[in-house]
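Undergrad: Here's the letter readout for the chains.
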Amino acid sequence: MILARVIGSVVATQKNDRYASARIMICQPITPEGEETGATLLALDAVDAGVGDTVLVVQEGWSASVVATGRAGAAIDSAIVGVVDRIDLLSQEQTL
Amino acid sequence: MQLARVIGTVVATQKNEALEGRKLLVIQTLDADLRPQGRPLVALDAVGAGIGELVFWCRGKEASFPFEREDTPTDCTIVGIVDSPAHVVKGKRK
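Residue numbers (my numbering), protein chains in the order written: chain A, 3 to 98; chain B, -13 to 80.
Possibly wrong hints are sitting among the right ones.
Computed spacing ranges between beta-carbons, pair by pair [stated by the list, open to error]:
1. A:R88 to B:G38: 12 to 20 Å
2. A:I9 to B:A72: 42 to 50 Å
3. A:T15 to B:H73: 52 to 60 Å
4. B:H73 to A:T33: 23 to 31 Å
5. A:E38 to B:E6: 23 to 31 Å
6. A:T15 to B:E48: 33 to 41 Å
7. B:M(-13) to A:G72: 27 to 35 Å
8. A:S93 to B:Q23: 17 to 25 Å
If you're looking for bench data, these hints aren't it; they were derived computationally from the structure.
All figures in this text were calculated on a predicted structure; none of them were measured in a lab.
Even glycine gets a Cβ: it sits at the ideal position worked out from N, Cα and C.
Sequences and hints are given; from them, build the entire structure.
TA: Encoded structure:
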């Protein structure tokens, strides 16, 4: 899973049937320290996340489609599975 | 599978119900020389790993196999704890 910040959402009327009633969120990957890193991506919301939330995004098709639609086999590769409350990190010296 | 160091913990109250009671850890993937490689990820723990430990993790659909495989949404799971950095040996042992 990656850490990301929800920065927006996408509305699409004409879409694959399995996306019906799904919330499509624009996510910006971040480091554990909160800095932006890498390209933005779209993920289906399965936990009622909102803009500004730090979230956990799972990037694996089976998991994403089960979480977001209740069953496997949808054309979905990313889903938000959790809203992060806090992250505790080792300090730099402890890491070495 | 790749080596990684557990560098932190994540608390998330609002999450998928299959993740209830599961430990979420921040990991930094390492190369064979135990140098950081790529950006940190959040992994589900399947072996009782803790902060600071050297571990290895599994990616993809297979990452959910240690749990209720059909329901657990994870693409990154810690599946082993390396005994010590000295137990990561490059090259052939005689």
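Undergrad: Which of the numbered hints are not met once you compare them with the structure shown?
TA: none
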